[in-house]
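Asker: The primary structure of each chain is shown beneath.
Protein chains: 2
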Amino acid sequence: MLHFIGLGLADEKDVTVRGLEIIKRAERVYLEAYTAVLLVDKETLEAFYGRSVIIADREMVESSSDDILADADKVDVAFLVVGDPFGATTHTDLVLRARELNIPTNTVPNASILTGVGCTGLQLYNFGQTISMVFFTDNWRPASWYDKILENDAIGLHTLVLLDIKVKEPNLEALARGKIIYEPPRFMTVAQCAQQMIEIEEEKGNGICGKDALAVGVARVGAPDQTIVAGTLEQLSQSDLGKPLHSLVLIGKNTHDLERDYLRAYAVDPQTFDDAWAKKNERK
Amino acid sequence: MLHFIGLGLADEKDVTVRGLEIIKRAERVYLEAYTAVLLVDKETLEAFYGRSVIIADREMVESSSDDILADADKVDVAFLVVGDPFGATTHTDLVLRARELNIPTNTVPNASILTGVGCTGLQLYNFGQTISMVFFTDNWRPASWYDKILENDAIGLHTLVLLDIKVKEPNLEALARGKIIYEPPRFMTVAQCAQQMIEIEEEKGNGICGKDALAVGVARVGAPDQTIVAGTLEQLSQSDLGKPLHSLVLIGKNTHDLERDYLRAYAVDPQTFDDAWAKKNERK
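Residue numbers (the working numbering), protein chains in the order written: chain A, -8 to 275; chain B, -8 to 275.
Errors might be hidden in some of the hints.
Copies of the same chain look alike in the list, so a pair counts if it fits in one copy or across any two.
[To be verified] DMTMM-like cross-link-like pairs, simulated, lysine to aspartate or glutamate; straight-line CA separation at most 20 Å: (1) K244 x E142; (2) K4 x E193; (3) K270 x E193; (4) K195 x D266; (5) K15 x E3.
These aren't lab readings, by the way, just hints derived from the structure by calculation.
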């Protein structure tokens, strides 16, 4: 059987008891390490599990999945995913390939940033569709996410923004010379995301994610040093939430006073926060 | 410190290793048992934890929270929540009360039905706001959820419907005679939810959740006997997914072929499923 096991958000102890039992008895253990990362390294996981772990990069999962699926109709194979197994499309695809080979699958759910972001006090049932923000380059500034924020905003909902992760990306100059050299991992910060949102707002001009828009940045959700910062996008663009992973929530119009009361404790500046909150409510 | 610990969705082994460590060392352990339930009883949890657990019903949490918070500034108190701790507004409120008393809090995230529903193959970032469906009575048929589905539908998103749970409800006839007798627990089924949606659609007539609308019902997500059934609301209104807890997803217009391919394996009838899927896409 192929087991998809969620590892949760922070470190080796966020695995569930059920998940840990399967990892310990599985014939092979893969760690998907390109759509999200834990705050601990592979060696820490291996020490905790008492066994070795194979890193599954994007190429292995998308092009060499036969290696992962080999013999999984006879033995237990564990495929570990940071967060919840169904957070990324990639894993849905892997289940489909297993089905084609008549390999039974099993899923062990866990915390995801999609619900972990509830630590902000924003009510999870008031979120609209989730968007992803990629690193802009000089000539590539994708902004299709803007329309999705616009849709969420029109019906008053919060928008969770998942931030880009670049792991094991080849250096393009080296690649042009026929050499494969990997860039160091990069993780988008709340400040970078806020800055990119402000830039696109200046181009589009619908007034949904400009400098004054109210948002909240989170870092290392579920870890002891979890950090939450609430403020305008301009304030967040100047913030430093420390080590990855970061996420951002753009706050919608339909809010509950309980959300404000909870979130206010994390405001960069309570006065600016109150003003931005009042201004947001005027747009209703 | 007051620890909010998510228990996940199915049974005693869905707690995280981190959560279990805190439960074992806490001075007191409360189990919130009215917004959701696990598939195992309190005694199973107590045997697994090796310690006793205090059931916290709605009255205790909302009216007698001082008992829960007592001494939590000096000792560890664990407050266990089925699913993820931030799934229900109640817990946000409890954190606020702890803050007022200068009691530090800590949250241990876990799987929630909001992400567990990814087991259907529907992409989690394509969900709109979540709605709740309560049991209709002869003279109380709340339908404010209909407008929210309408909003989600307009922008093509899926809608997760959380189904009513009645735990420890007093019998009204007995109450009128001055006696408190509790009704047996009741859990709404996918069939009941589908039926209520069809009834309200017949009144409102926007064509979003009638007999032909495509939906998927899930039961006991994360458990070994997890069940997924895809079909029209009419088909689901005649389905039997077995024991609680059930949830339902109304499928939006903006779908990916991967979602169809994944979900089709759970169709009541593949032909009807394909027809309903094609019809849904015509509405784009």
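Asker: Could you tell me which of the hints above the structure violates, numbers in ascending order?
Answerer: Those not satisfied are hints 2 and 4.
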